[in-house]
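S.K.: Residue 260, in my numbering, is where the sequence shown stops; the numbers in between run on with no holes.
Treat the hints as calculated values from the structure; they're not laboratory data. Built from N, CA and C at the ideal position, the CB exists for glycine as well. Be aware that one or more of the hints could be misleading.
The calculated lysine-lysine pairs, modelled on DSS-like cross-linking and capped at a C-alpha distance of 27 Å, are [claimed, not checked]: (1) K167 x K19; (2) K10 x K167; (3) K166 x K19; (4) K204 x K10.
Derived Cβ-Cβ restraints for the label pairs, each shown as a range [what the hints assert, rightly or not]: (5) D172 x D219: 25 to 31 Å; (6) L32 x A223: 24 to 30 Å; (7) L15 x E211: 30 to 36 Å; (8) A256 x D162: 39 to 45 Å; (9) Q80 x A196: 36 to 42 Å.
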Amino acid sequence: MDDLTAKAEALLADMKPTSPSAAPGQNMLPPDTRRDVPGEFAPSPVWRAGDGPATLFVHGWDDTHRVWRQFAMDFIQNQRPALLMDLPGHGASDAANAGWAAAGAAVRDVCAAEGPIDTIIAHSFGGIATLRAIELGAVADYVVLIAPPLSDAKGGFRDRQMKKGYPEDVISRAESLHLERTGLPISRTDWRAVLEGFGGKVLIVGSEADTECPLDAMEALADGLEHVSVLAYDDLEHRDLAQDRAVLADVLAFLGY
Numbered sequence: 004m005d006d007l008t009a010k011a012e013a014l015l016a017d018m019k020p021t022s023p024s025a026a027p028g029q030n031m032l033p034p035d036t037r038r039d040v041p042g043e044f045a046p047s048p049v050w051r052a053g054d055g056p057a058t059l060f061v062h063g064w065d066d067t068h069r070v071w072r073q074f075a076m077d078f079i080q081n082q083r084p085a086l087l088m089d090l091p092g093h094g095a096s097d098a099a100n101a102g103w104a105a106a107g108a109a110v111r112d113v114c115a116a117e118g119p120i121d122t123i124i125a126h127s128f129g130g131i132a133t134l135r136a137i138e139l140g141a142v143a144d145y146v147v148l149i150a151p152p153l154s155d156a157k158g159g160f161r162d163r164q165m166k167k168g169y170p171e172d173v174i175s176r177a178e179s180l181h182l183e184r185t186g187l188p189i190s191r192t193d194w195r196a197v198l199e200g201f202g203g204k205v206l207i208v209g210s211e212a213d214t215e216c217p218l219d220a221m222e223a224l225a226d227g228l229e230h231v232s233v234l235a236y237d238d239l240e241h242r243d244l245a246q247d248r249a250v251l252a253d254v255l256a257f258l259g260y
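Please put together the full structure from these sequences, using the hints given.
M.R.: This is the structure we're talking about:
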């Protein structure tokens, strides 16, 4: 193995989330509300409150379902069925593959097992997983994408690896290795066709202050799509967008609650 390939292999091995634990006793809901949904790649831990058409909350990279404490608890307290999950390789999931393809399959599998799903609310990388799930056939009436990483310029795979100190030739080699082995790119930004074919309504939420996920990429994705709207804030940072009460109020208004 040449030196460049060895460094690329090390990069791929380093691509693992470092999310906090979601062990019993630390979750938003009691342990007896958890079940494991079988999936294409691995089982997905889910927690559910309430019966009937549910809102599925999908967290981002290096996070768990607990990021939704503000949002989900409002749904639960107002007796709106809520469904939370840990994506592959995050929180209570012991899946080895945490990439976007496995995450998208997991969201699709949870939607199929726990449906009907009224709404999917996703943050950051969870938005990419949600778009992939829709591409794979997941069905929902509404989708809310909060700070989705849609641009390669900032917040994407290359940007994250460069911040870790990997040089561009190593990153490029890792991308080619991943494509050779899986048949899929290591990251994707071409999601417009997915939204064009989606039959429900979509809200994309971003902020000028979010240095990880540029707002202009979200506006470009929504441009010309009548069923897709963009809600922009000035001063909320990346993770705050999934926890802010004002964002929650605007999302509830979008959903008609």
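S.K.: None of the hints should be skipped; say for each whether it holds.
M.R.: Structure-based check of each hint:
1. K167 x K19: 13 Å, holds
2. K10 x K167: The hint holds at about 13 Å.
3. K166 x K19: 15 Å, holds
4. K204 x K10: 43 Å, violated
5. D172 x D219: 25 to 31 Å: 28 Å, holds
6. L32 x A223: 24 to 30 Å: 37 Å, violated
7. L15 x E211: 30 to 36 Å: 34 Å Cβ-Cβ, so the 30 to 36 Å window holds.
8. A256 x D162: 39 to 45 Å: 33 Å, violated
9. Q80 x A196: 36 to 42 Å: At roughly 38 Å between Cβ atoms, A196 and Q80 fall inside 36 to 42 Å, so the hint holds.
The structure shown violates the earlier hints numbered 4, 6 and 8.
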